[in-house]
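J.: Fit chain B to the supplied structure of chain A, relying on the hints for placement.
Quick mapping for you: the protein sequence lines, in order, are chains A and B. So for the first sequence, the working numbering puts the first residue at 1; every next one is plus one. So for the second sequence, the working numbering puts the first residue at 1; every next one is plus one.
Just so you know, the hints here were simulated from the structure itself, not pulled from any lab data. Do not take every clue at face value.
Identical copies carry no separate label here, and so any pair may be met within one copy or between two of them.
[Said to hold, decoys possible] Calculated lysine to aspartate or glutamate pairs in the DMTMM-like style (CA-CA distance at most 20 Å, straight line):
no.	residue 1	residue 2
1	Lys96	Asp335
2	Lys257	Asp271
3	Lys6	Asp456
4	Lys315	Asp335
5	Lys154	Glu112
6	Lys363	Asp188
There are 2 protein chains.
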Amino acid sequence: MNKLAKNLRQAILDSGLKDGMTVSFHHHLRNGDYVLNMVMDEIAALGIKDLTVNASSLFDTHRPLIEHIKNGVVTTILTDYMSAGLGSFISAGGMKNPVQFRTHGGRPADIENGRTPIDVAFIAAPACDPMGNLKGSEGRSACGSLGYAIPDAKNARFVVAITDELRPYPLTGWSIPETDVDEVVVVDSIGNPAGIVSGTTKITRDPVGLSMAQTAVDVIKASGLLKEGFSFQTGAGGASLAAAKYLKDVMLKEEIKGSFGLGGITGYMVDMLREGCFESLMDVQCFDLKAVESIRSDPRHREISATHYASPGAKSAVVDSLDVVILGATEIDTDFNINVHTDSDGRIMGGSGGHSDTAAGAKLAMIIAPLSRARLPIVTDRVTCISTPGSTIDVLVTQKGVAVNPKDRELKLRLKDAGVKVMDIHELKELAEKTSGVPMKPAIGERIVADVIYRDGTVIDHIREVRA
Amino acid sequence: MNKLAKNLRQAILDSGLKDGMTVSFHHHLRNGDYVLNMVMDEIAALGIKDLTVNASSLFDTHRPLIEHIKNGVVTTILTDYMSAGLGSFISAGGMKNPVQFRTHGGRPADIENGRTPIDVAFIAAPACDPMGNLKGSEGRSACGSLGYAIPDAKNARFVVAITDELRPYPLTGWSIPETDVDEVVVVDSIGNPAGIVSGTTKITRDPVGLSMAQTAVDVIKASGLLKEGFSFQTGAGGASLAAAKYLKDVMLKEEIKGSFGLGGITGYMVDMLREGCFESLMDVQCFDLKAVESIRSDPRHREISATHYASPGAKSAVVDSLDVVILGATEIDTDFNINVHTDSDGRIMGGSGGHSDTAAGAKLAMIIAPLSRARLPIVTDRVTCISTPGSTIDVLVTQKGVAVNPKDRELKLRLKDAGVKVMDIHELKELAEKTSGVPMKPAIGERIVADVIYRDGTVIDHIREVRA
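For reference, chain A alone in the conformation it holds in the complex (with noise of 0.2 Å):
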């Protein structure tokens, strides 16, 4: 008895879905990720409609959905993040039913508390054996952690896996267990590993990101965060990456032993790791080759799943116990709001992925952006697009000065005796509109598009058609 399907045709006959259902899919592959176009291609070749995707991201290489929602296959789409390629469509108003947005902590909890329900899960895996244990630092396509499709796996009615790499059962180690997968597909390949993961992540050479990653560390000396048992969250970004890469300097001089690294996890945390930076690292998706060998080989190197991860509806998740997060923007205002949704045209590109959990939940939550990115303003009076509210974001670093949330005065008073060139968000915004100008406001419409919805399950914004 195996749960080995003739192919992923009859996994999706197997699997009964039908009209009107929700399919889901996790991002771990990436811009490499093969299996949902396959699977939608598959879904649209047995004439099943009006599904709804639920995708824990969507990337370039998704942009075949576009025919799918053309054609009515899809009709409803659920994500955490959406880059420009969909998201450009979605913006011209390709879609008739708003796209929801939500964040990689409130896409799980709404997953487990039933207010999203999922059908049928296609799990990527890149290693699996024939009973559906499966995981993901393993196999030719390895993609190192699956947590965000722990809980797809977990709740969805029936759970396809979907695998390159067909292990002999037991699969030890597993990401998923084969209790929580019904039947297991083999493909030639489930993905392009070039796209998969970057081989190295890279620190920025541009003086302005490198001068923000400099002050950014400068902050979190300041803030009083940064002793024994401290906690860190990165991003992938050029002046993130720089900052973990000085913060390590820092650590490792002045000898501060901290307790966990999180995230979406690079090669620079796993340094972190290594020169005893960190005692553990929480990972919930890995962004290079590195962090996937690391995560493969070193026990303190940890899976988790997007619930543990950032899950407001859980018990307890490790944003809650999180220091310091570092984040991007693509606009800030001078109430500290984000947008990492859309560019200032109001065009979707990004998404929250886990940018309001961590600043939720993180006792630091920093921004870096330059004041202003390939001539406009990233300090304005008012984000295109509400992602993360500006309550839970302390502080702001530009090359230009720091500017720190009012609700935050002591962390402002710390700054200050530290010698941080302390600002007012008005002031940087002046100074971003001295430099680029003042933006024209974009074209955008009445028309939503996108909601988007917080961890808590509010809806907090709408993205609005973008006029041609």
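T.: What follows is chain B alone, placed relative to chain A:
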């Protein structure tokens, strides 16, 4: 922010525990467990009554439950196993509501499908951090796997972790993540190490046992299952362990590379792993210190949840892939039905544990039992209690010969061809009666003191009061 409760009483109050609710416990601390008694005493002191106790197993150390039953604190017991201390009290009619016996697989199935909801789960945690990430393999009360506690933690409305070893956040390698834990209580000691696991489990020296063990291995060899990919479970009884030892010798000599060892794990299974008989161990419970040390340090030795072990409600469980299981019996009848709940007098002194689950799953379910024990024949016309239906049992090994279930025609031929002494089970019964005499019918009354609920949820037998 952390989840540390001031004390156990406060945690019980915070849990909202009220009259008529259900509390749950796991049994990895076995006869060394302090947690169940500690919790029940505190609940009794708070005046809470009419509770259901859902415990994966109950040992002699839990005899203080008798007072709580008498006082009306506990009015219903759900368990998979009950040793004689409490069992005699139940068999004498000490409790109004029948005990509900389930199996180690049926219990998590019924917790997960909502048939036996848990209000408050109390988890004995050998190591735990202040947010509730907890594990069994470390700490001075280390017991290894916490497999039976995992479904409780996942599904209970409120979960209290009770630990005597608080570790810094985040404790990695968790058996149960913080996502499932509401509060953490630190106590002086959760158990008596001497009672938690045996220092070592020992093979029998009894020649009858050794002879049966040798025959058991002959049967396994003759069955055709002992080949590359072989998987195996055995109990911790002396003859079963001897069989494991002999089996290891055969596997090493014949260079047979098995896939996995399953179950409650002993040092003998660890030896088989280390010497290359298996690729991995799938461990729902550790029986001795060697197993605890192994699960702590050897990544091939994996903790599995009770669900993953044996739940018929899971999409599959490891028992479904098991080749051979060696099991014990207090009685076996000529239809191959097995009793492991009561002694021949009808008094409760055991329970199915994983007996029915592994028998149902394994390709070869073998019973090892001497023809008689304490001058009572083991093979009878009808078992006093059906724990495991005969339809799931393949073969009985005794010191006088081997009986094959008539359904297994090919197996019978294979055994005969291999020179195994195959006898009809009726012959074995007569032989047993010739040695020990026909047993007196036990003095069993009408009143039902326990229901035996098979892994599929059906009541397959009742256990009745034993008149003094």
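J.: Have a look at Lys6 and Asp456 and pick one of within, between, both or neither, based on CA distance no larger than 20 Å.
T.: neither (41 Å within a copy, 29 Å between copies)
J.: Taking 20 Å as the upper bound on the Cα-Cα distance, should Lys154 and Glu112 be classified as within, between, both, or neither?
T.: For Lys154 and Glu112, both the intra-copy (9 Å) and inter-copy (12 Å) Cα distances are at most 20 Å.
J.: With identical chains, the pair Lys257 and Asp271 could be close in the same copy or across copies; at 20 Å between alpha carbons, which is it: within, between, both, or neither?
T.: within (14 Å within a copy, 38 Å between copies)
J.: What label fits Lys96 with Asp335 when the C-alpha limit is 20 Å: within, between, both, or neither?
T.: Neither, since 32 Å and 65 Å both go past 20 Å.
J.: Quick one: Lys315 to Asp335, C-alpha cut-off 20 Å, is that within a copy, between copies, both, or neither?
T.: Neither way: Lys315 and Asp335 sit 30 Å apart in one copy and 49 Å across, limit 20 Å.
J.: With identical chains treated as interchangeable, where does the CA-CA distance between Lys363 and Asp188 reach 20 Å or less: within a copy, between copies, both, or neither?
T.: neither (46 Å within a copy, 32 Å between copies)
Violated hints, listed in ascending order, are 1, 3, 4 and 6; each of the other numbered hints is respected by the structure.
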